[in-house]
Amino acid sequence: MATFILRRLIALIPVMCIVLVIVFSLVRFIPGDPAVTLLGPGATQAQIDALRAQLDLDQPFPIQFLNYVGGLLQGDFGISLKTGQPVAHEILLRLPATIELSVLAVIVAVIIGIPIGVLSATRPNSVFDHATRVVSLVGVSMPAFLLALILQLVFGTYLGWLPVSGRMSSFIVAEPVTGFAILDGVITGNWAAALSALQHLILPTAVLAAFLAATLGRFVRNTMLEVMGEDFIRTAKAKGLRRGDVIIHHGLRNSLLPAITVIGLKFAEMLGGAILTETIFAWPGIGRYMFEAIKNRDYPVIQGTTLVFALLFVFTSIVVDVLHGVLDPRVRKKMK
Amino acid sequence: MKLLKGLAAAALVALPIFSGSAHAQSDEQLKTLVVAVPSDPVSLEPGTNKAEPIGSEIILNVFDTLVAWTAPDFKQLEGRLANNWTVSADGKEFDFKLRDGVKFQDGTPFDAAAVKFSLERTKATNSYVKATFDLIKDIAVVSPTEVKITLSEPYPAFLSILAQPQSAIVSPAAVAKYGDKFAANPVGTGPFSFKSAQADTNVVLEANPDYFRGAPKLSRIIYRVIPDASTRRLELESGGVDVVQQQGQLSAIAAEDIEALKSNKDVKIIEASSQIIRQLEFNNSKKDGPFANIKVREAVAHAIDYDGLLTGVFGGTAERVYGPLTSNSWAFDPKIKDMAPAYDPELAKNLLSEAGVDPSTINLKLYSFQGPLWGAVATFVQANLADIGITATIEQTEFPAYRALQTVGQFDAALDGRQPWYNDPDAHITIGYLSSLADTAMTFRMPQDKALDDLILKAQQTVDMDARKALYQQVQEEIVKRVPGAYLFSPKLIVFTRANVEGLVVNSAPPLNEYWGVSKK
Numbered sequence: 012m013a014t015f016i017l018r019r020l021i022a023l024i025p026v027m028c029i030v031l032v033i034v035f036s037l038v039r040f041i042p043g044d045p046a047v048t049l050l051g052p053g054a055t056q057a058q059i060d061a062l063r064a065q066l067d068l069d070q071p072f073p074i075q076f077l078n079y080v081g082g083l084l085q086g087d088f089g090i091s092l093k094t095g096q097p098v099a100h101e102i103l104l105r106l107p108a109t110i111e112l113s114v115l116a117v118i119v120a121v122i123i124g125i126p127i128g129v130l131s132a133t134r135p136n137s138v139f140d141h142a143t144r145v146v147s148l149v150g151v152s153m154p155a156f157l158l159a160l161i162l163q164l165v166f167g168t169y170l171g172w173l174p175v176s177g178r179m180s181s182f183i184v185a186e187p188v189t190g191f192a193i194l195d196g197v198i199t200g201n202w203a204a205a206l207s208a209l210q211h212l213i214l215p216t217a218v219l220a221a222f223l224a225a226t227l228g229r230f231v232r233n234t235m236l237e238v239m240g241e242d243f244i245r246t247a248k249a250k251g252l253r254r255g256d257v258i259i260h261h262g263l264r265n266s267l268l269p270a271i272t273v274i275g276l277k278f279a280e281m282l283g284g285a286i287l288t289e290t291i292f293a294w295p296g297i298g299r300y301m302f303e304a305i306k307n308r309d310y311p312v313i314q315g316t317t318l319v320f321a322l323l324f325v326f327t328s329i330v331v332d333v334l335h336g337v338l339d340p341r342v343r344k345k346m347k
Numbered sequence: 020m021k022l023l024k025g026l027a028a029a030a031l032v033a034l035p036i037f038s039g040s041a042h043a044q045s046d047e048q049l050k051t052l053v054v055a056v057p058s059d060p061v062s063l064e065p066g067t068n069k070a071e072p073i074g075s076e077i078i079l080n081v082f083d084t085l086v087a088w089t090a091p092d093f094k095q096l097e098g099r100l101a102n103n104w105t106v107s108a109d110g111k112e113f114d115f116k117l118r119d120g121v122k123f124q125d126g127t128p129f130d131a132a133a134v135k136f137s138l139e140r141t142k143a144t145n146s147y148v149k150a151t152f153d154l155i156k157d158i159a160v161v162s163p164t165e166v167k168i169t170l171s172e173p174y175p176a177f178l179s180i181l182a183q184p185q186s187a188i189v190s191p192a193a194v195a196k197y198g199d200k201f202a203a204n205p206v207g208t209g210p211f212s213f214k215s216a217q218a219d220t221n222v223v224l225e226a227n228p229d230y231f232r233g234a235p236k237l238s239r240i241i242y243r244v245i246p247d248a249s250t251r252r253l254e255l256e257s258g259g260v261d262v263v264q265q266q267g268q269l270s271a272i273a274a275e276d277i278e279a280l281k282s283n284k285d286v287k288i289i290e291a292s293s294q295i296i297r298q299l300e301f302n303n304s305k306k307d308g309p310f311a312n313i314k315v316r317e318a319v320a321h322a323i324d325y326d327g328l329l330t331g332v333f334g335g336t337a338e339r340v341y342g343p344l345t346s347n348s349w350a351f352d353p354k355i356k357d358m359a360p361a362y363d364p365e366l367a368k369n370l371l372s373e374a375g376v377d378p379s380t381i382n383l384k385l386y387s388f389q390g391p392l393w394g395a396v397a398t399f400v401q402a403n404l405a406d407i408g409i410t411a412t413i414e415q416t417e418f419p420a421y422r423a424l425q426t427v428g429q430f431d432a433a434l435d436g437r438q439p440w441y442n443d444p445d446a447h448i449t450i451g452y453l454s455s456l457a458d459t460a461m462t463f464r465m466p467q468d469k470a471l472d473d474l475i476l477k478a479q480q481t482v483d484m485d486a487r488k489a490l491y492q493q494v495q496e497e498i499v500k501r502v503p504g505a506y507l508f509s510p511k512l513i514v515f516t517r518a519n520v521e522g523l524v525v526n527s528a529p530p531l532n533e534y535w536g537v538s539k540k
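Protein chains in written order, with our numbering: chain P, 12 to 347; chain A, 20 to 540.
Note that these hints are calculated values from the structure, not bench results. Keep in mind that a hint or two might mislead.
Stated by the list, open to error - Under 8 Å between C-beta atoms, here's a sample of chain P residues computed to sit facing chain A:
hint, residue
1, G43
2, G53
3, R105
4, G171
5, G177
6, L236
7, E237
What the hints assert, rightly or not - Within a straight-line C-alpha distance of at most 27 Å, the following computed DSSO-like cross-link-like pairs (lysine-lysine) qualify:
hint, chain 1, residue 1, chain 2, residue 2
8, A, K135, A, K116
9, A, K142, A, K167
10, P, K306, A, K149
11, A, K384, P, K306
12, A, K94, A, K469
13, A, K284, A, K305
Claimed, not checked - Some chain P residues well away from chain A (every beta-carbon gap over 10 Å; in silico):
hint, residue
14, L31
15, L49
16, Q75
17, M179
18, T272
Predicted, not measured: the structure shown is a model, and the values here were computed from it. Backbone N, C-alpha and C fix where the C-beta goes; we use that ideal spot for every residue, glycine too.
In isolation and in its complexed conformation, chain P is listed as follows (with noise of 0.2 Å):
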């Protein structure tokens, strides 16, 4: 196990390396010069000229990009053209956000949709099981931006039981300790943080679970009917083994695996930062940092967020194919 998770670390490298000329390359190719969106349709020549001397833009291309990877290798993501700030800074102020995020709607996700699939196949084609696909249609087909703007609509604006966007109550002033807002509420004992960070997570979370859980249910459903068909659970059945038993322990155990790569797969997504969510709910993350970023040419930090996701998505994989080796052990042979 330990030699498999050692050489998928290790062919991070080339996938990284690929992943850098790529981005570093594609990026400039879009058109459209920093500078001039960065000024804006005001500008003269010389003001232009003036910033892109300023940002090292009229450098030539080999130039920037050993400049660039000179400064990776010293842990060194540049600088962001439009606020002069390190980008690998920036970055790590956005990035708890993001998980926060993710890591919730993945929680809500496993709660609410693999109960829902168990249940579903355990009742094929009952009232339960043609309700729940209706929901899962809706969940899955209506777009994120529609389901947050109604979210916010009902409960922040008609019913006033949930803040409408944002991550916390701008009238509260909170230390950042992890740059995770709930926990960061917990450790300083600043309850009405916690308590408002939680509240301003509601809504997001539920958008992202939706879809989510939608997918999951149906998944779970299906794959656990193709698995209750099989004939060892008819052995577990008739060996008298409780209900309970069969489905959770024979039945879902078997199913899991490929809901485990979903949920794997979109969590990584996620990570990636869910742009229309973030932007909708004002969500300080990564995802709505890299849009803007693309919108304003901002090169740094659309390589930076690009390379850390490519990171975080192989980072995902590795732990999903560890997790597939540890609930099974065929897998875990193959490994070694």
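Fit chain A to the known structure of chain P by using the hints.
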């Protein structure tokens, strides 16, 4: 039964979570103003600020400039950090008598040395103001309350430049203390001092009780970053924010929001005239295009239904523009109103036949910025042109590419415009119409015309305000006679606030809010 009890217990525990946003505000909240902005400010200090609206507005409230425009007309300058000033006859020397006893927010005294330090620092670090600040030849500290700035050329608009956020005065002690990190810890003399900033989340300013014009009524301002326009509106309606500026003049129409919010008694709508001008401009340096003949240009100018555009597309959220300057500019020439072309499609068709041009031979690519507002305007203009027989295809182009083709003259007619970044006719006229600057920005690309070019430069450099005004009036008439474009509209500045917000001052050029006099009932 157990399940039910469990659910009931869970609901009780969950109840405080759903206390949501309190609608009635506490005393502390009544002294705090929450302003919604679409993104983080880029730079919070004059040395690096490149005129982006959010950072510029924060600078205006954290720092002071030597002079400022007097509300509500913004046609006259008043002293801020300066008490009064004189300009030499040759227009090159500006002598300022400074206010005494003013302190920076860190307690250090404001004086002439601080002015010298600030302006020289901004000149060295800010590439955006290079063209104007390079004119500064020397800054002399005559006494702690007197500073003399000498330019290398006469430039009366320099006073307008000194009213800009980029010319604000910084605390030399704070710069020495924070060095590179001054942008994250800006210190000025203004009514609000910088407290904290959280990336993509908020910027918090606190009242400066020792402010020289009197302590502000608010105790705090919180700028909340809310990127989505509908979310900003929802927050305004639910009381989560107090002020929202209609930021999207280039890309959104305010009319729908205004209609919807007019009936909301918790929301107040403040409209102010801006100095933004949007026009259908011709490529005036193209000798062989369809618009090289002035009669054809006049025909197009008469073909546009100006009032129809203002009511139909803008629903009253934009005003008519008659020439190179808006009606609220101090140099506006009232005669331009009469000289402006009226909507007359029959006259347009006659002009075309007089010019010997068959309109069906003109296949026009109508270029424009992207976004629904420009799309609506382009569609309207297209329809007007079709009425006189000209077929136009709309080409909405993404901004950087649009600028690229416009500055090399790859167009015949385009929808364009300018928001002046300082309050002086020079900001619209020189860059827009001086032939030698035609390729350096998005301009009218005027051909070389010694009479007009000399007149523009003379107006720029004349010191006496009345003489300058007369010259700019001449300039406006000369420009309008040449029909370089059809002047379409000037969008109004529209600020939405909660009904209990009072005392908001909305500057016109550039459109930034001053919060010193604001209070919440």
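Tested hints:
{"no.": "1", "hint": "G43", "result": "holds (3 Å)"}
{"no.": "2", "hint": "G53", "result": "holds (6 Å)"}
{"no.": "3", "hint": "R105", "result": "holds (6 Å)"}
{"no.": "4", "hint": "G171", "result": "holds (5 Å)"}
{"no.": "5", "hint": "G177", "result": "holds (7 Å)"}
{"no.": "6", "hint": "L236", "result": "violated (27 Å)"}
{"no.": "7", "hint": "E237", "result": "violated (31 Å)"}
{"no.": "8", "hint": "A:K135 with A:K116", "result": "holds (13 Å)"}
{"no.": "9", "hint": "A:K142 with A:K167", "result": "holds (16 Å)"}
{"no.": "10", "hint": "P:K306 with A:K149", "result": "holds (26 Å)"}
{"no.": "11", "hint": "A:K384 with P:K306", "result": "holds (26 Å)"}
{"no.": "12", "hint": "A:K94 with A:K469", "result": "violated (30 Å)"}
{"no.": "13", "hint": "A:K284 with A:K305", "result": "violated (53 Å)"}
{"no.": "14", "hint": "L31", "result": "holds (25 Å)"}
{"no.": "15", "hint": "L49", "result": "violated (7 Å)"}
{"no.": "16", "hint": "Q75", "result": "holds (19 Å)"}
{"no.": "17", "hint": "M179", "result": "violated (8 Å)"}
{"no.": "18", "hint": "T272", "result": "holds (32 Å)"}
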